[in-house]
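K.L.:
Quick mapping for you: the protein sequence lines, in order, are chains A and B.
The opening position of the first sequence corresponds to residue 0 in numbering that gives the first Met the number 0, with each subsequent residue numbered one higher.
The opening position of the second sequence corresponds to residue 0 in numbering that gives the first Met the number 0, with each subsequent residue numbered one higher.
If you are wondering where the hints come from, they were derived from the structure by calculation, not from laboratory data.
Where is the CB? At the ideal position from N, CA and C, for every residue including glycine.
You may find that some hints are simply not true.
Claimed, not checked - The calculated label-pair distances, taken between Cβ atoms and stated as ranges, are:
no.: 1; chain 1: B; residue 1: LYS30; chain 2: A; residue 2: GLN234; range: 22 to 32 Å
no.: 2; chain 1: B; residue 1: THR240; chain 2: A; residue 2: GLN234; range: 40 to 50 Å
no.: 3; chain 1: B; residue 1: GLY88; chain 2: A; residue 2: GLU231; range: 20 to 30 Å
no.: 4; chain 1: A; residue 1: PRO225; chain 2: B; residue 2: LYS30; range: 22 to 32 Å
no.: 5; chain 1: B; residue 1: GLY177; chain 2: A; residue 2: LYS268; range: 51 to 61 Å
no.: 6; chain 1: A; residue 1: ALA23; chain 2: B; residue 2: GLY69; range: 52 to 62 Å
no.: 7; chain 1: B; residue 1: GLY177; chain 2: A; residue 2: GLU231; range: 49 to 59 Å
no.: 8; chain 1: B; residue 1: GLY69; chain 2: A; residue 2: GLN234; range: 41 to 51 Å
no.: 9; chain 1: A; residue 1: VAL93; chain 2: B; residue 2: GLY88; range: 33 to 43 Å
no.: 10; chain 1: B; residue 1: GLY69; chain 2: A; residue 2: PHE117; range: 46 to 56 Å
no.: 11; chain 1: A; residue 1: GLY256; chain 2: B; residue 2: THR240; range: 39 to 49 Å
no.: 12; chain 1: B; residue 1: ARG189; chain 2: A; residue 2: LYS288; range: 52 to 62 Å
no.: 13; chain 1: B; residue 1: SER7; chain 2: A; residue 2: SER185; range: 53 to 63 Å
no.: 14; chain 1: A; residue 1: ASP124; chain 2: B; residue 2: LEU4; range: 50 to 60 Å
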Amino acid sequence: MTQTLEESLFQRKQTAFLLSPDKALAEMLQKLWSPDVLEFRVFENGGGAIEKMFNEPPDLLVVDNRLTDIAGREVANLVKSENVYRQLPVVMCVDPIDVETPWNWNKIEVDDFLVRPFNPSEVRDRVNLTLCRAMRALDANPLSKLPGNTSIIQKIQSLIDSDEDFALAYCDLDFFKSYNDKYGFSRGDEILMMSARLIVNTIRSYPGVLSFVGHVGGDDFVFILPPDKVEEACQRIIQSFDDIVPHFYDPADRKRGNITSVDREGNTKIFPLMAVSIAVVVNTEARIKHYGEVSSIAMGLKKKAKEDPKSSYVIDRRKG
Amino acid sequence: MEPDLKTSVKGEILAVKDLPTLPHVLDEVTKLIENPETSSEAIAKVISTDQVLSAKVLKMVNSPIYGFPGRISSIQHALVLLGFNVIRGIIISTSVFDMMVQSMKGLWEHSLGCATACNIIARRAGFEDPEEYAVAGLLHDLGKVVTAVQLPDLHKTISDTVVAKNIPYYYAEKDVLGFGHDRINAWLARHWGLPPNIREAMARHHSPQLAEFYKPMSCVVHIGDFLVRLFEFGNGGDDHTAYLRPEALMELKFKMSDLDKVMDEMSDQLLEVSDLTL
Chain A
0 MTQTLEESLF QRKQTAFLLS PDKALAEMLQ KLWSPDVLEF RVFENGGGAI
50 EKMFNEPPDL LVVDNRLTDI AGREVANLVK SENVYRQLPV VMCVDPIDVE
100 TPWNWNKIEV DDFLVRPFNP SEVRDRVNLT LCRAMRALDA NPLSKLPGNT
150 SIIQKIQSLI DSDEDFALAY CDLDFFKSYN DKYGFSRGDE ILMMSARLIV
200 NTIRSYPGVL SFVGHVGGDD FVFILPPDKV EEACQRIIQS FDDIVPHFYD
250 PADRKRGNIT SVDREGNTKI FPLMAVSIAV VVNTEARIKH YGEVSSIAMG
300 LKKKAKEDPK SSYVIDRRKG
Chain B
0 MEPDLKTSVK GEILAVKDLP TLPHVLDEVT KLIENPETSS EAIAKVISTD
50 QVLSAKVLKM VNSPIYGFPG RISSIQHALV LLGFNVIRGI IISTSVFDMM
100 VQSMKGLWEH SLGCATACNI IARRAGFEDP EEYAVAGLLH DLGKVVTAVQ
150 LPDLHKTISD TVVAKNIPYY YAEKDVLGFG HDRINAWLAR HWGLPPNIRE
200 AMARHHSPQL AEFYKPMSCV VHIGDFLVRL FEFGNGGDDH TAYLRPEALM
250 ELKFKMSDLD KVMDEMSDQL LEVSDLTL
């Protein structure tokens, strides 16, 4: 396998542990990927691997049911029982006789399994898929399922590296906390789900161009569009949000146009209906070199956008 | 009448898997959605003339999967939150009535006319979001559509009873089934998670005085239904005039002069709207 890292499915080199006495399996796995893409470290028994795994977890664990010193399933469960290691994907290798009776996958938490005799093409793709799936699941926001911070940073950095013009918008919801405090977290979640849908559909309505939507967490969203589309997108998002959000308030609050809630110090305060603030950083002529610059420019813009209690957007158009 | 007819009818009704619609609307929406330049406003406008597509859209956007059940009563808002992909999916999976069910055309016009009337009435009464009243008006006879699709024999018996006994469709329903489409509406609206205001208006449009939480909307649909029958726009299943409850007019603080003005506006708007229907 002579594929380079750039050509592969992964953003950086992946490491894997193989726990197996089967030399043929080790040889096959090491041949399927260039060591620059996915490098296997082979252990012939389980015991030797465990401490190393805990100290420097690999990106993938392939464990053979043929292990003699410790049962493969025990290794898998060791890994999955700790929240720190839980997201490490585990693939179990078995012999056909092993799976004649059904396994209790609720008790043995692996992410995939491979049955002998191994078909190298199948093994290659199943392992690739397991790695990709693990990255997706790890980074998705638990509420909206949109990509999270890791994906966002990777996306921005890859756009910078490829010298592509882009506009990056940070959206957040003003007075979201007061809504949560008054109406509770369940209704707060409704607002976030609605906002996620609203932003995604607006961005997706620009077909055939660079686009991306991420959910950093809580009420913070991020989207990317070409610089010539971003202003209109902001206006449309604001219009839709302002139109829809009143329906999420109780009729009396909606009529008044505000809610009465308690602020951080415990004082009763009146808060307006929620609004959306958008801060847009535009990168043209490759003036920005690193993700860190983007976020620091955005923070300054955001302050300005939030000065207005109504929904608003601020676009930074400074040139190099 | 079998003793457990109500249970079996309810079971059948709620088991509805596929609600078809009329060809002309489906064609128009399909054309619009295939054009990447189309705005969601344009699509909303066409979907708002069709009770089946509107019901499907509202059912989907109010599903717990989206995360905000019962909040969305407007087709326009629903489209913004569903997005083009999902809407395309709904349209692709919607079939059309076969030519046999011609009476459906009359019902479609009647529902569209009622939606138009409700919009006008709600605005005259000074209510916010008149489009949501229009949606309730559009869906007020959905129970009849579902019965026709799921229980064609019973539907035929009801229609025959209308002719034979010369009674309104609603009474023929009560005669044959023991209950009316307003009860069926209530089942459907609850099963589909439609927002509570629309649900109550659908269930109470024949007896708006019994509405508890959303009396104004129930009264508006009641009056809208009455007026569109007066205009003989479309066909609600019979050619009788409905009974107009005085409580409905009182709830909206309407005088006869208000009704007159509504009817004037309706004449104009129904003319425009009839261009949309074949």
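K.L.:
Evaluate each hint against the coordinates.
P.N.:
Against the structure, the hints:
1. B:LYS30 <-> A:GLN234: 22 to 32 Å: Distance hint for LYS30 of chain B, GLN234 of chain A holds at roughly 27 Å.
2. B:THR240 <-> A:GLN234: 40 to 50 Å: holds, 49 Å
3. B:GLY88 <-> A:GLU231: 20 to 30 Å: holds, 26 Å
4. A:PRO225 <-> B:LYS30: 22 to 32 Å: Holds - the Cβ-Cβ distance for PRO225 of chain A and LYS30 of chain B, about 28 Å, lies within 22 to 32 Å.
5. B:GLY177 <-> A:LYS268: 51 to 61 Å: holds, 55 Å
6. A:ALA23 <-> B:GLY69: 52 to 62 Å: holds, 59 Å
7. B:GLY177 <-> A:GLU231: 49 to 59 Å: Since the Cβ atoms of GLY177 of chain B and GLU231 of chain A sit about 56 Å apart, the hinted range of 49 to 59 Å holds.
8. B:GLY69 <-> A:GLN234: 41 to 51 Å: violated, 29 Å
9. A:VAL93 <-> B:GLY88: 33 to 43 Å: Given range 33 to 43 Å: holds, Cβ gap about 39 Å.
10. B:GLY69 <-> A:PHE117: 46 to 56 Å: 52 Å Cβ-Cβ, so the 46 to 56 Å window holds.
11. A:GLY256 <-> B:THR240: 39 to 49 Å: For GLY256 of chain A and THR240 of chain B the Cβ distance comes to about 42 Å; the hint holds.
12. B:ARG189 <-> A:LYS288: 52 to 62 Å: With a Cβ separation near 57 Å, ARG189 of chain B and LYS288 of chain A satisfy 52 to 62 Å, so the hint holds.
13. B:SER7 <-> A:SER185: 53 to 63 Å: violated, 37 Å
14. A:ASP124 <-> B:LEU4: 50 to 60 Å: holds, 56 Å
The structure does not agree with the numbered hints 8 and 13 stated previously, though it agrees with the rest.
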